[in-house]
Amino acid sequence: MIRRVITMAALSLSLGLTVTFAADMGAKDEPIKLSINEWTGQHISAHIAGETLKKAGYNVEYVTAGYDAQFTAMADGEIHGAMEVWSSNAPDLWVKMADAGKVEDIGETGFDAREGFVYPLHVKEMCPGLPAWEALKECAANFATAETLPEGRLIDYPADWGTPGADRMKGLALPFKAVPAGSEGALISELKSSIAKKSPLLMVFWQPHWALAEYDVEWVDMPKAEDACFEDASWGSNPNEVNDCDFAASRVFKVIWSGLGEKWPAALEILKAVKISTGDQQVMMAAIDQNGGKVEDIVAEWMANNEGTWSEWVAAAN
Amino acid sequence: MKNDNSISANALPWLFLAVAALLVHSFADSLGWLHKFPADWVIPLADWINKAMDTFVELVKPVTRAIAAILEWPMILLRDVLQWTPWPVTVAGVVLLAWHASGIRLAIVCLLALLYIALSGYWNPSMSTMALVGIAVPLSLLLGLAIGIAADRTEMGKRIVPPILDIMQTMPTFAYLVPILVLFGFGPVVGLIASAIYACPPMVRNVHLGLKQVPYEIVEAAKMSGVSSYQRLFWVELPAAMAQIKVGINQTIMATLSMVIIASVIGGFGDIGWEVLSTIRKARFGESLLAGFVIVLIAIVMDRISSAYVTQDDITKAKNLANKKLWFTAAVLLIVICAVIKALGIDFGVDDSSLTKAASEWLDQKLEAIVVGYGQLLTDIKNTFFFYYLLPLRIGFNKAILPLTWGFEFTEAMRWGYAIAMLIICLALAKFKSWQTGLSVAALAYLLYYGLTGAPWMVLTSAVILLAWQAGGRSVAIFTACSLGFILITGMWERAMLSIYLCGAAVILSFLLGSAIGVWAASSDRVSAVVRPIADTFQTIPLFVFLIPVLMFFQVGEFTALLAIIAYAFVPAIRYTESGLRQVSPQLIEVAVEQGCTPSQIFWQVKVPLAIPTIMVGLNQTIMYGFAMLVIAALVGTTGLGQQIFLALSAADTGLGLIAGLSMALLAMITDRIMQAWAAKKFEGMQAD
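If you read the protein sequences in the order shown, they are chains V and E.
Heads up: the first sequence is residues 0 to 317, going by numbering that gives the first Met the number 0.
Heads up: the second sequence is residues 0 to 688, going by numbering that gives the first Met the number 0.
Hints listed in this document are in silico derivations from the structure and should not be mistaken for laboratory results.
For every residue, glycine included, the Cβ atom is placed at its ideal position computed from N, Cα and C.
A hint or two may mislead.
To be verified - Using 25 Å as the maximum straight-line C-alpha spacing, the simulated DSS-like pairs for lysine-lysine come out as follows:
1) E:K398 to V:K176
2) E:K356 to V:K293
3) E:K157 to E:K60
4) E:K50 to V:K95
5) E:K398 to V:K169
6) V:K271 to V:K101
7) E:K50 to V:K101
8) E:K60 to V:K95
9) E:K211 to V:K101
10) E:K365 to V:K197
11) E:K341 to E:K398
What the hints assert, rightly or not - Derived Cβ-Cβ restraints for the label pairs, each shown as a range:
12) V:K136 to E:R414: 30 to 40 Å
13) E:A68 to V:E295: 25 to 35 Å
14) V:E295 to E:P532: 32 to 42 Å
15) E:I380 to V:G291: 33 to 43 Å
16) V:G128 to E:I380: 46 to 56 Å
17) V:R250 to E:L22: 49 to 59 Å
What the hints assert, rightly or not - What the simulated footprint calls covered on chain E by chain V, stretch by stretch (three residues with Cβ under 8 Å from a Cβ of chain V suffice, anywhere in the stretch; the number is not a length):
18) 178-188
19) 365-376
20) 380-386
21) 393-400
22) 555-561
23) 624-636
Given only the sequences and the hints, what does the whole structure look like? Please build it.
Here it is, written out as structure tokens:
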């Protein structure tokens, strides 16, 4: 009860603050539309940003939108913000619209994103040298299937996300054949069935992702990525190829419609300030995907427990 | 067989082709350009389309955006009304409608279906879908009616409409998603337009057909009584064509619902398709199946109610008319109840999904148990199919037979042995059966040796064009040649061969499996009653749902794609085989029985020959469905045209998407044209006999 009173007080305080914003609230009666893409983590980021905007006195609407398609909407000002755009998988539409000045990058979402090769823990028994990448040289045959014989099988990203797995295998001269997964669902199915069957699996994956919270998965250790690795063939273990190192660090950033700052000046400052940590994200993802919670409830809980954090973001518009 | 002269005239070009193929293979080094299509001959058509598109878009964007705004408004309104109405009221309303349309049985079916939707926790997304379908269907119907009339009335319409309809139906929607997204803006309207494009051809076809079938006497009588051509159309011809038009209405509804999931790839509407896609991304089979089933139920409810109205007999009509007051009271009562519920602020809650959760967990556990329990068996099945079926079709015995796969080396002697054995078989068949049979075996032996991706483009295109010529004459041959030429010069050939290989491999199995089930279903009413709802489900449930279990069993790859295609494409084979066999007149069978035929003789010598035309339609549909599923199969990691379409989608490359999509449509159309021409010839021959 007491906590609720405090929250209420804080809420009225923050509502009170809105009057004294340095940055103008702008058209605060018109809803700010944030996109909801196809994965849970993004739902969390969008809701945290949205709920914070609401605390500041804005009207927020969540709109389901395909990750690629949302940029058309944002360019036209029909959607106003996307909270997670991954540099590793940024659609060409984003590049196009950003070049045209219709959408803007307003800084990182805040988490420590990572991409690389992963394997379920039981695979270690089939390839004892793991997680060192050199071990894969010897055990490639253990990963072989009918389609890839005599090479090992690597599940790569769907072809439309690029072919980082195939590039690395070539760079590191590992005897693996990269098979494009076709979709995220296919990647997850592979992981699920490998864990169920205790069958070998090596695939390209990323974090934060709910699957990493749900399943025991390890990353392959690869030589740390440097710019030279991608440009200079002589760099690294393979003197003849580039890409003989780990994935370059991914950047996950927030994108807005370019007109947002003009229409809702204070909202722009708040969205710029929003930062979400990998740890918080993955805990919430597990609460939703593993334990069947609702995004709205889980985020409301986070908002209640992390008032210090979001009130700072709101204060950014001050 | 007519006479020897025509046989040799027809067989001769094939002999030439065989010699040419032999030359191409013997001089593979110097004639490499006949083998692999030279890269410098490929024109950058995609870039040209993209450039033209950019200009075009700026020009028409104001108009298309205005259209989008006009269409969006009623859809949002309808959605809001549907979501605002308490669900028990909506359920009661639909049940009353079903009762009014047909009777208590349909009312109960609809009640159960809607209760499932309400209790599954997917009520609100389902209502969004209903709103989309509610606007898309009338739109498609009106468009279809207008185009159908135009096709019937104008010379130009007659000529250009049919091929456009073919493209509209065979071109994968994903291929033109980017241009309509740019033109019409983001949101549910894009889904609406994609649905309308896909769903209006059946209406056009049926309107066109219906008008064509109006008896000449009626038209003449109308003309003599001096009505204007407008009056003649609306008062005489359209009513006379109504029976056929009604078929179009139903097919359009089904087609619209099958597009629901694809429309949700764009998002913006929070519909049931979006829910299905989200669960599929998480590879949650149980949830996706349960959510997908909602779409099936919506399709069933809409289809059954509309077709009940369409086929309503006079008794029901009279009854309804007599009870007009009662129906009116019921409707008013329902509105009053709705108002009361709203006024009292009673919330029935629509997002309780505890039931679905339990059910989907159970399904997921079962699935996992199968994966664990039969893991090795599943892998063995996959490997067998892969080594002995898929690989030879793709790369041929030439490259597929290795110690690693078949367990032995394909030596020079064995290769010669294969060639000689096949030559003898084919010559023997040509001599004792017919030259066509011999030729088919020779072609098959050739294809199996080199594989679809290993055979030279020159040989394959010539063979297909020749086949088109002999089956359908000059126009089919020219169409085939132009289409294949398009695929070649746009650089899609290799992708196209991968698609054809996978689709072909799936069609063969689908057709065998489907027609076997069809034969079984035709032999017993009880089997038929079980098979029919299963077939319905397989056709309306979003195809994506099949992907997860198959993926869990067989992992990413071509075998998984093969099974996914089969799961969708075997249905028409069942349907047409069953209906073909059931249509054979009982008198004929009685005659056969009286003459002392054994059951197997009756089957093979009476029933099958008579059912062949219908079964051939089934084969044609199996092929069309196989092509339709190819794009979706790309989601489990195939590498053909489907993958190109997804690449184009993510890169917003309009040109590439359109070219890949058009290539796929052309492949489907070539197959269709050749088969139809061939079937027509056979049919004529049979009638002549």
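To see whether the hints hold, each was checked on the structure:
no.	hint	in the structure
1	E:K398 to V:K176	18 Å, holds
2	E:K356 to V:K293	13 Å, holds
3	E:K157 to E:K60	30 Å, violated
4	E:K50 to V:K95	14 Å, holds
5	E:K398 to V:K169	24 Å, holds
6	V:K271 to V:K101	17 Å, holds
7	E:K50 to V:K101	20 Å, holds
8	E:K60 to V:K95	18 Å, holds
9	E:K211 to V:K101	52 Å, violated
10	E:K365 to V:K197	17 Å, holds
11	E:K341 to E:K398	71 Å, violated
12	V:K136 to E:R414: 30 to 40 Å	36 Å, holds
13	E:A68 to V:E295: 25 to 35 Å	30 Å, holds
14	V:E295 to E:P532: 32 to 42 Å	37 Å, holds
15	E:I380 to V:G291: 33 to 43 Å	34 Å, holds
16	V:G128 to E:I380: 46 to 56 Å	32 Å, violated
17	V:R250 to E:L22: 49 to 59 Å	57 Å, holds
18	178-188	holds (count 5)
19	365-376	holds (count 4)
20	380-386	holds (count 4)
21	393-400	violated (count 0)
22	555-561	holds (count 3)
23	624-636	holds (count 4)
Figure legend: structure checked against the earlier numbered hints; hints not met, in rising order: 3, 9, 11, 16 and 21.
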